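Spelled out, the chains give:
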Amino acid sequence: MIQRYPQMLLRGLLVCLLALAAVSQAQPTATDDTEALKQQVLELNRDLLILEEELLYPANSQIAVYLSLDVGEYFALDAVKVKIDDNFVASELYTPKQVDALLRGGIQKLYLGNVKSGQHEISAFFTGLGPQGQPYKRAASVTVDKTTAPLVLELRIVDSTSKLQPVFDIKQWEL
Amino acid sequence: MGVITTTGLCALLAAASATLAAAPEPHRAAQDLRYGESLYHYYTGDLPQALSVLLRAEHDGGITKHQHYPQLMRAGMYLAYGMDDRARAEFAAHLGHHTSGQDHPNQNVPQKVRDTAHYYLAQLDYRAGDYAEAAASAVIIGDTLSDSLGDNLALLNAHLLIKAGPVPSLQEAQTTLSPLQQNRALALLNLGNAAARAGDPIRAQHYYQAGLATDLPDSASGLDEALAVRDKTLTALGYSFLQLGDYASAKAAFRDVRLDSNLANSALLGYGWAAASYHDYVLALKPWQALRNRSLLEPAVQETLLAVPWAYEQLKAPRSALIAYRESEQLLTDEFTRIKHTLESLDRELLLASLRRNDLQGALLTQGDGRALQSWLTLDQVNVLASDSRYLQELLKRDALQDSAQQLRDLLLLQDKLNHWQVKLDIYRQLIADKRQLRGARADQIEQTDLLRQHQALREQREQLAGELTRIAREQDTLALADPGIRAQARRIHRARTHVAALAGNAKVPANATERLDFYQGLIAWRAAQDFADQQWRANKTLAQLDSALDESRTRSAQVAKILTTDPDLDAQVARLTALQLRNDAQLTELNQAVASATDTLLNAIRQGLVSHRNRLQDYLAQVHLSTARLFDVAYRAADNADIDAPKLPEVQE
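Sequences listed follow chains F and A, in order.
In our numbering, each residue carries its 1-based index in the first sequence increased by 47.
In our numbering, each residue carries its 1-based index in the second sequence increased by 113.
Please note that a few of the clues may not be correct.
To be verified - Quick partial rundown of chain A residues pointing at chain F, CB under 8 Å, derived from the structure:
(1) Thr157
(2) Arg169
(3) Asp523
(4) Tyr541
(5) Arg542
(6) Leu695
(7) Arg696
(8) Ala707
Keep in mind the hints are simulated off the structure, nothing from the lab.
For clarity, every value in this text was computed on a predicted model and none was experimentally measured.
Every residue gets a Cβ at the ideal spot worked out from N, C-alpha and C, and that includes glycine.
Sequences are here, hints too, so could you generate the full structure?
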């Protein structure tokens, strides 16, 4: 019998140590050229976003609707629909990743569009699971006066510890 | 060398997450929506968009209502996006350090922000291999860091301890280890590995054992990472026991490694060796046989090509050993075919498609619980894509290629963005042209209806109204502003007076008719006078509103007239669009070149990796051939009762 075990063990240990060493390999840093290129493209993307907004959503007709979430105990968000006057303009079904982003402080730009000057009724419909894990639907609405300044609204879902249920409201931002 | 994390691939992201974790909870009192919007993009994995939102906010005057956190967040995002130099510049700026070399320490920056910036600069220095500078930054950090960042700092100090060398004993390292919380097990693992590499397995074991004694986190968030560290520690401990000849302890350590972990292959191999060490080859064969079905890209799997037949030989079953060698030969042949096919088919298109597919699958898998993958629509797409180059996908996951692959993915994502803009900009150009055309049509319509001069006629009507109001005020004509009912009554009294005058002398006319009409007239005049001041105020208010409306109308008419004659906004938009289109084209050209260059670099690295892999396997094949020949030689030398006909082992009996 040929005893090759020690030789194999040595090889195995080497494999193991290499694997462990690989854990502590440093990540090479990006090259300067790539960094500069990334920066330039990001700045270009920013400028293009500004132009796009000015072209498609000029300030005198712009309306933006954001969504923020500060719940955890009384409401699990599934979907949101937004209605301006009699038209549904935005709807979103939320993935766990999106909900997580909202729970961690992210604010989603849900809708960007145009409305004429004057009064408008903005309504939002929220669907999800309520305090006892039961299906839960609520709505909030607000009447706003669109002027020549951009109209910015934030749909807010907040846990109310006093009412033991979620609270839905719409905040108008003064820019 | 040096970033040491549980999953090196996530190191950058984890670092940036910690930066963001250091920020306050903005949603409880969001002072700037752009701050929250950027966070949303960041947490949903769209780093370029998150950075673009922050850059835009900076362009519009900056986010001033969240103190220094937006800037810290941006620097953290640069770090996560592989833009180390930019991140370094931003962190340094918080401290008043400038790239020009002139430092102007900013004492207005809160200590917490300064500590955070110092921490990340230390991390960047460490990654760049400048351990002295990293240590210098780390030592001046105060105690204001958040818990998670403080824990990361303690981990960095442990790594700096390793780099300073030699590896201290567990007791000597206590000062460094005591502040560690969540990262304690990871620090102990890395210290143990350093001791093992330095040839001190006993010291290494002390660290490993201490790491295993660390409690797992209660929350689910850090559990996966903690379990991965535990698997690595157990595997390292197992090999350390093997090295010291303590096979039973080695087996026990390997047995506790989760089979679905990344280190299961090394643990399975080690478990087999531990069993083989005290001659339990039947037990050794179980993990080794299981390993043989896995990818030969894994060194542990390659090892089983020889280990399995070797175990059969130890069991004095040369027939089974021969079969195993032939299986190994077949496995190697199949792998050579795969390597050859991959080398032949590997080109830019295949690689880029493979990287983009990875993103697609990643995107689908990260969409919630992966239900999207079960949709027949997406399933078909993913399966078709996944079937043709799974081997290449596996290669791209290798540590050595990960960074280059990620860089290329970043560039591809930016390339996609600019390509989309190129299409959109063409559409916007057409949109402006349509707008100009529509405006021309409206101008004609306005000209025909004389719309812009209608406010002149309205102004004249207004002047008449104002004159009438002046007369009413001067003459105190209370009835002129009385409500319609009173005015109707006044008209009726007036008619009655006319009739009374016409019927003067008629006996049927009451004698006191005139007196009564005078009385009624007085009553109505009194009532009208009661409301006069209020009605006059209302009339003047309406006149003021009319003035305002007319002024606005005049201004708008002037604006419309100006726009119609000069088109200033459209011309400005066209100019900006043209400039941005040129920038986009130039940037896209540069980006395409960078993508091509990065693709070639990655292609070469993959080819070199494949060639090295093939060379390594050829060594295994040579050993398989030699062993096979040796077995045949033994069989031929046995004249009458060749071992080839020996009974099969229980495990391989069919």
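Status of the hints after comparison with the structure:
| no. | hint | result |
| --- | --- | --- |
| 1 | Thr157 | holds, 5 Å |
| 2 | Arg169 | holds, 5 Å |
| 3 | Asp523 | holds, 7 Å |
| 4 | Tyr541 | holds, 6 Å |
| 5 | Arg542 | violated, 10 Å |
| 6 | Leu695 | violated, 11 Å |
| 7 | Arg696 | holds, 6 Å |
| 8 | Ala707 | holds, 6 Å |
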